[in-house]
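Undergrad: So the chains spell out like this:
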Amino acid sequence: MSEQEYVPKSKAGKWFNDRLPLLSLASHLTDYPTPKNLNYWWTFGGILTFCLLTQIITGIVLAMHYVAHADLAFASVEHIMRDVNYGWLIRYIHSNGASMFFLAVYIHIFRSLFYGSYKSPREIIWIIGLMIYLLMMAAAFMGYVLPWGQMSFWGATVITNLFSAIPLVGDSITTWLWGAYSVDNPTLTRFFSLHYLIPFLILGLVVLHIWALHVPGNNNPVGIDIKKPSKDTVPFHPYITIKDAFALLLFMIIFAGFVFFAPNVLGHSDNYIQANPMVTPAHIVPEWYLLPFYAILRSVPDKLGGVILMFGAIFILFVLPWLDTSKVRSAVFRPIYRQFFWILIVDVLVLGYVGAMPAEGIYLVLARVGTVYYFLHFLVILPVVGYLEKTEPVPLSISEPVLSGSADYSMAKKDNEKI
Amino acid sequence: MDKSEKKTTRRDFLFTTSYTVGAVGLGAVIWPLIDQMNPDKAQKALATTEVDISQIEPGKSITVLWRGKPVFLKRRTQEEILEARSVSLDDLPHPEKDEERVKNGKDEWLVMLGVCTHLGCVPLSNKGDYKGWFCPCHGSHYDVSGRIRKGPAPKNMEIPKYEFVDANTIKIG
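Taken in sequence, the protein lines are chains A and B. For the first sequence, position 236 matches number 236 in this note's numbering, and the numbering has no gaps at all. For the second sequence, position 109 matches number 109 in this note's numbering, and the numbering has no gaps at all.
Don't read these hints as lab results, they were simulated from the structure.
In the SDA-like style, the derived pairs of lysine to any residue whose C-alpha atoms are separated by at most 20 Å in a straight line are: (1) B/LYS155 with A/ASP302; (2) A/LYS14 with A/LEU25; (3) B/LYS131 with B/SER86; (4) B/LYS127 with A/MET278; (5) B/LYS155 with A/LEU168; (6) B/LYS97 with B/GLU158; (7) B/LYS127 with A/GLY361.
Model the full structure from these sequences, guided by the hints.
TA: Laid out in structure tokens, this is it:
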């Protein structure tokens, strides 16, 4: 943060700012020099902030009408849907909001994978982002349990039973998580408490995520280090704010499309049946955003092995900055990595698809191939490609167009080493 | 600070004792916060259930709720018992004789937790490759003794603590 010292114009402002430099912070955020070539894939940070605030606001409202008790929860959700003024709207925004939140976060994560935003010096931003993602999954899972429908109950049973795979202490941990000998009322009440807590933890981590971002500044589509401020940057306000706002508008149109025209298309009809501990639905599936991990879990014929691989699929991302050995950030200049990036996208989509299908026959084969490839990508392909790949010339600055010809190439190489 | 002097000082002693007392105090405060999440007295109070089994015909089963979990009570036919006992222990991922899973002299009664040992779903009866139970969640197959035969579940379905109060009543728990 290298801007010159900000001094408020008014006397009152100066008096306040000397005591609590909020105005300096606001000035930093407005003037924050941003790469001028950021494309629309960079608008998802703002969109995600919007998603988080939407979930918090609608969630606080829902908590005013919801009753966290095994006998009353299901009816109280129907009460929200039918009796509470605009309750249907608020609940549909909240439930579809979770899906939109994950849609945005997946785009945000794959943006980072494509443009190498997780690489030095941005590893901490990446790791905090993954912590947010983990908390999002915890919040989404617990939130899905609250309506106390069949999918809520059996989803909670399956996920909490994952911990029973831990040798020796597994069963004690599961009982501790439940507060009972099965998923029951104590489980519901604690899930409600934690579901209310987690968004605020996420909010705190978002502040750290942005703070860590503002130290090196944004990565950009060409992935090079730039001078800040310079002819390569524009002030955050109004250039980025207006671009983010436009993207947010388009995002909200899609969001509203789900809320008003297909509010249940991403949910499961079994969750409109009240929880019954005696009967498991014929085909239980998690929400769509957890399906790839579910596919990995089911692809392993061993209980503990499946659980380890499923959690491993997430935790491997924490060491991604050190697995990727390439010094060039952006896939724009990495002809080989670029292709593997798209194969990974296809792989994750295939895993998501088979996660929704029964674990048998061709689906099981696909899940196994997909799981092996997922780990292969991070553990073998990324380190090896980083060493062997001949990257394309990287420009020296954003403003300077890359000219074809060997003269520039030598300069580009030099810059290449510097990164 | 004089570096050459490595003698244990009064200050070192005070640091060590302070840290120790602090750690014990912290543990004493954290433990109630953790243990409050374990099953409470009301949950533990529901620990036994009595079931009338006089109406169950051979080959039929009923499901009752015990500690929030379904319990299968199956009155097995002679053929089913014979089938369960003809299986070689080498074919079982979790080797257990059928005799060990029922009460001596009450061979027709199989009383077990209707909970898949994989991830806790309720298996469907008379389904699967071994004519016992089949878990729809992740495809585990159990035989007529409730033993795991195929699929991701690691163990046989659990036999809860139970006893015959009289000829027609079973007390679970």
